[in-house]
Amino acid sequence: MARWGIAIDLRKCDGCGCCAVNCSQVNHLPPDVAWRQIVNVELRVGATSRRVHLPLSCMHCANAPCESVCPTAATYHRSDGIVDIDAQRCIGCGSCVVACPYMARTLLDIAESRKLAASGVEVPGFGIALRQDLDGTCTKCNLCRPRLDAGLAQGLTPGVDADATPVCVNTCISNAIHFGDLDDPESAVSRVIRGNRVSRVNEHLGTEPSIYYVVE
Amino acid sequence: MVVDARSLPPDVSLESDICIVGGGVAGITLAREFLGSAVRVCVLEGGGRDPDPETQSLYNGESVGYPYYPLDTARARHLGGSSARWHVPLGADRLGARMRPLDPIDFAERDWVPYSGWPFGKQDLDPYYERADAVCQLGPPTYDVRHWKNGDGRPPLPLAGTEVSTIIYKFCRRELFAREYPNQLLEAPNVTVCLHANVLDIHTNEAGDHVDHLRVGTLNGKRFHVRAKVFVLAAGGIEVPRLLLLSNATHAAGLGNAYDLVGRFFMEHLHFWSGMVVIEDRQILERTALYNDVQTVKGVAVVGKLALSEEVIRREKLLNQNVQLFPRLRPDPFKYPKLSTKSLSSLKALVRGGDPSRRGEHLYDFVAGLNDLARLGFRKVRTAVTGLPTKPVFVFANMSEQVPNPQSRVTLGRDVDSFGQRRVQLDWKITAQDIRSVARTQEIMAAVLERIGLGRFYRQLVDSVPPATTHGGYHHMGTTRMHPDPKRGVVNADCRMHGIDNLYIAGPSVFPTGGYANPVLTVVALTLRLADHLKSRAA
Numbered sequence: 003m004a005r006w007g008i009a010i011d012l013r014k015c016d017g018c019g020c021c022a023v024n025c026s027q028v029n030h031l032p033p034d035v036a037w038r039q040i041v042n043v044e045l046r047v048g049a050t051s052r053r054v055h056l057p058l059s060c061m062h063c064a065n066a067p068c069e070s071v072c073p074t075a076a077t078y079h080r081s082d083g084i085v086d087i088d089a090q091r092c093i094g095c096g097s098c099v100v101a102c103p104y105m106a107r108t109l110l111d112i113a114e115s116r117k118l119a120a121s122g123v124e125v126p127g128f129g130i131a132l133r134q135d136l137d138g139t140c141t142k143c144n145l146c147r148p149r150l151d152a153g154l155a156q157g158l159t160p161g162v163d164a165d166a167t168p169v170c171v172n173t174c175i176s177n178a179i180h181f182g183d184l185d186d187p188e189s190a191v192s193r194v195i196r197g198n199r200v201s202r203v204n205e206h207l208g209t210e211p212s213i214y215y216v217v218e
Numbered sequence: 095m096v097v098d099a100r101s102l103p104p105d106v107s108l109e110s111d112i113c114i115v116g117g118g119v120a121g122i123t124l125a126r127e128f129l130g131s132a133v134r135v136c137v138l139e140g141g142g143r144d145p146d147p148e149t150q151s152l153y154n155g156e157s158v159g160y161p162y163y164p165l166d167t168a169r170a171r172h173l174g175g176s177s178a179r180w181h182v183p184l185g186a187d188r189l190g191a192r193m194r195p196l197d198p199i200d201f202a203e204r205d206w207v208p209y210s211g212w213p214f215g216k217q218d219l220d221p222y223y224e225r226a227d228a229v230c231q232l233g234p235p236t237y238d239v240r241h242w243k244n245g246d247g248r249p250p251l252p253l254a255g256t257e258v259s260t261i262i263y264k265f266c267r268r269e270l271f272a273r274e275y276p277n278q279l280l281e282a283p284n285v286t287v288c289l290h291a292n293v294l295d296i297h298t299n300e301a302g303d304h305v306d307h308l309r310v311g312t313l314n315g316k317r318f319h320v321r322a323k324v325f326v327l328a329a330g331g332i333e334v335p336r337l338l339l340l341s342n343a344t345h346a347a348g349l350g351n352a353y354d355l356v357g358r359f360f361m362e363h364l365h366f367w368s369g370m371v372v373i374e375d376r377q378i379l380e381r382t383a384l385y386n387d388v389q390t391v392k393g394v395a396v397v398g399k400l401a402l403s404e405e406v407i408r409r410e411k412l413l414n415q416n417v418q419l420f421p422r423l424r425p426d427p428f429k430y431p432k433l434s435t436k437s438l439s440s441l442k443a444l445v446r447g448g449d450p451s452r453r454g455e456h457l458y459d460f461v462a463g464l465n466d467l468a469r470l471g472f473r474k475v476r477t478a479v480t481g482l483p484t485k486p487v488f489v490f491a492n493m494s495e496q497v498p499n500p501q502s503r504v505t506l507g508r509d510v511d512s513f514g515q516r517r518v519q520l521d522w523k524i525t526a527q528d529i530r531s532v533a534r535t536q537e538i539m540a541a542v543l544e545r546i547g548l549g550r551f552y553r554q555l556v557d558s559v560p561p562a563t564t565h566g567g568y569h570h571m572g573t574t575r576m577h578p579d580p581k582r583g584v585v586n587a588d589c590r591m592h593g594i595d596n597l598y599i600a601g602p603s604v605f606p607t608g609g610y611a612n613p614v615l616t617v618v619a620l621t622l623r624l625a626d627h628l629k630s631r632a633a
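Chains D and Z, in that order, give the protein sequences.
Residues in the first sequence are numbered from 3 upward in steps of one, following our numbering.
Residues in the second sequence are numbered from 95 upward in steps of one, following our numbering.
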């Protein structure tokens, strides 16, 4: 069984935000919800400056704090490492939002969007925003789980075949994002991690994120 | 073919027929026009195939005027340029950017717009707009709303015969200029794309009327020269004037800057959210889908916006502007005042005892707004009792032209970059005329939208103060403007630098005025026109 992970090359990311925009488009997220955010900071040393862009989303941690605090087991670990949410079990308590050290989770407030649609205004693409069953539940990056599963069922290789690969990976025009099986030493993501100096966010918390950042 | 300048032998001298500085939309468009020909083209791109932080940091600069994006995030220094950042969702998993030609009035000299007037009219550029449509793969070269109405056949808003019309934007895919066209250049035998090649300055002959060579450097310390018969600067509206100002070996004030025009007249398109229409007629509402979001019509991504007719613009002496309608359920109370704020706040002032000198004004406002107060009260009671949704609103997303202003400018700052060269300094100005024009445009549009029954407009602009949400669109225009007179422009009608026989500029820096349309399609059209000029010059 694969263990999915991502490596983001910070030497190539220029913070364009296209990965975040396309993620929201493809996953039909409401306007005020994003599964990815880009943080940027300018580092100045004397007259020299350099800007670092950090794409942040769910880290799909091996030791996920969100999973341990969930009172209904709505947040759970798949055998392939993806941390997912069972919306039918989620009661919207928000404990996971507080527990997550990566600000990766949001509680959906769909009432506004449904009222807007009920008023007769058409907003193409408001898919998830109109699903009453998701109102009040938690949402976050799921590594494009439906796309991944559908691609695997067709015999495609995630991280290689675009139709089985997360949208953010395909969208990055700089090829800064790599996806694949962390337990396969020959996968693209494993080779990138092995061949470069990498780091993970808040590693000291012991969360064991599956998202790696190439720093050198 | 592709060359990495970092691996060139020291002190090499490259030669070509045409040397293009900048591998963005303009540079790529120009180079493509010579594919398969006998003309040797060299494209000098300061970055690589993909972005890298050290190269991108060369774009760092200082903004000292109206708040603007950090200058190293407002531009992209790699092959493909800012096209890699086009991020308007087009449906499915596509991203792109808005495309539309300028309007005829944008080219005209208007006595209420100082420094307005292009050296040619739109009709002269129309053949190139048609070709630009094909280059950008925009489908049929028409922007007539009758061709692009709602994908399901529903007509747009009934604006015929009014002062307002529906305008159409089409969208160009991001991958076209970010990947597909650059790949063509990399494979072309007569085109040399030199990556990581940063042009440091431009050297002319002693008389200063002919460019002899460019001095180019890499971040790993290489220095070399590039010679050509013709040079074209296509590095964007902020970097082109910077390069000219840095090239001061022959002219102390900078190349082409004898009359202190290089860098002046920096224009953006003002973007801000201000004003809303409270929807009242559902039948009219059903015709607004074209304006709310990108639609795919006949295989092309389009969106509709609102704009004033040329007749009204001339009559009212306005700048050009468009408005997109964005649906919201109710206004954000932190951003927009309650609908009856004036009446309610006046009542509060009267009850609590405000400024005695304004009691008469408060009493007038309270009485004049009683209808709004009653409506607000009714809606609150209705919502509390029935739980019915409140009315939807359309928020105005305004995008407008700026008046050319010589005080809005790009200059050289005090900090230096990794090459020891002075970084850029941007002093962006917004004038009262810019905002007053938007306010009057909104009034006219509001009256029309009310007349056709869409709803009632609520103004949020205060006097001529730019709203706090005001921002640019990454459209850097006007800094090496076009004019036949060298005392009033940096380039002539052929986009050739005044006084220099082999130096041209391609890009939005040559725009004398900006209109409201995103500049890319006009940049492509002007570049195609320049390519034809260079071909006839060579012949």
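Please keep in mind that the hints were generated in silico from the structure rather than gathered at the bench.
From the three backbone atoms N, C-alpha and C, an ideal C-beta is built for every residue, glycine too.
Treat the hints with care, as some may be off.
[Said to hold, decoys possible] Keeping only pairs whose Cα atoms sit at most 20 angstroms apart, straight-line, the calculated EDC-like set for lysine to aspartate or glutamate is:
no., chain 1, residue 1, chain 2, residue 2
1, D, K14, Z, D146
2, D, K14, Z, D303
3, D, K14, Z, D98
4, Z, K581, Z, D146
5, D, K14, Z, E269
6, D, K14, Z, E203
7, Z, K216, Z, E203
[Stated by the list, open to error] Example chain D residues on the side facing chain Z (calculated, C-beta under 7 angstroms, incomplete):
no., residue
8, D16
9, N24
10, Q27
11, R91
12, Y104
13, I175
So, going through the hints one by one against the coordinates:
1. For the proposed pair K14 (chain D) and D146 (chain Z), the alpha carbon gap of about 5 angstroms is at most 20 angstroms, so the pair holds.
2. Between K14 (chain D) and D303 (chain Z) the alpha-carbon distance is near 41 angstroms, which puts this suggested pair outside the 20 angstroms criterion.
3. Between K14 (chain D) and D98 (chain Z) the alpha-carbon distance is near 17 angstroms, which keeps this suggested pair within the 20 angstroms criterion.
4. Straight-line distance between C-alpha atoms of K581 (chain Z) and D146 (chain Z) comes to about 40 angstroms, which puts the hinted pair past the 20 angstroms bound.
5. For the suggested pair K14 (chain D) and E269 (chain Z), the alpha carbons sit about 17 angstroms apart, so the restraint of at most 20 angstroms is met.
6. Distance restraint check for K14 (chain D) and E203 (chain Z): the Cα-Cα separation of roughly 45 angstroms exceeds the 20 angstroms cut-off, and the hinted pair is therefore not satisfied.
7. In summary, the hint linking K216 (chain Z) to E203 (chain Z) is supported, as the alpha carbons are separated by about 12 angstroms, within the 20 angstroms threshold.
8. With a least beta-carbon distance of about 4 angstroms to chain Z, the hint placing D16 (chain D) at the interface is held under the 7 angstroms criterion.
9. Below 7 angstroms, beta-carbon pairs count as interface contacts, and N24 (chain D) has one with chain Z at about 6 angstroms; its hint therefore holds.
10. With a cut of 7 angstroms, the hint placing Q27 (chain D) at the interface with chain Z holds, because the nearest CB-to-CB distance is about 4 angstroms.
11. For R91 (chain D), the shortest C-beta to C-beta distance to chain Z is roughly 28 angstroms, which exceeds 7 angstroms, and the interface hint is violated.
12. Among the interface hints, the one on Y104 (chain D) is violated; its C-beta lies about 23 angstroms from the nearest C-beta in chain Z, farther than the 7 angstroms criterion.
13. The criterion of a C-beta within 7 angstroms of any C-beta in chain Z is met by I175 (chain D), whose closest approach is roughly 5 angstroms, and the hint holds.
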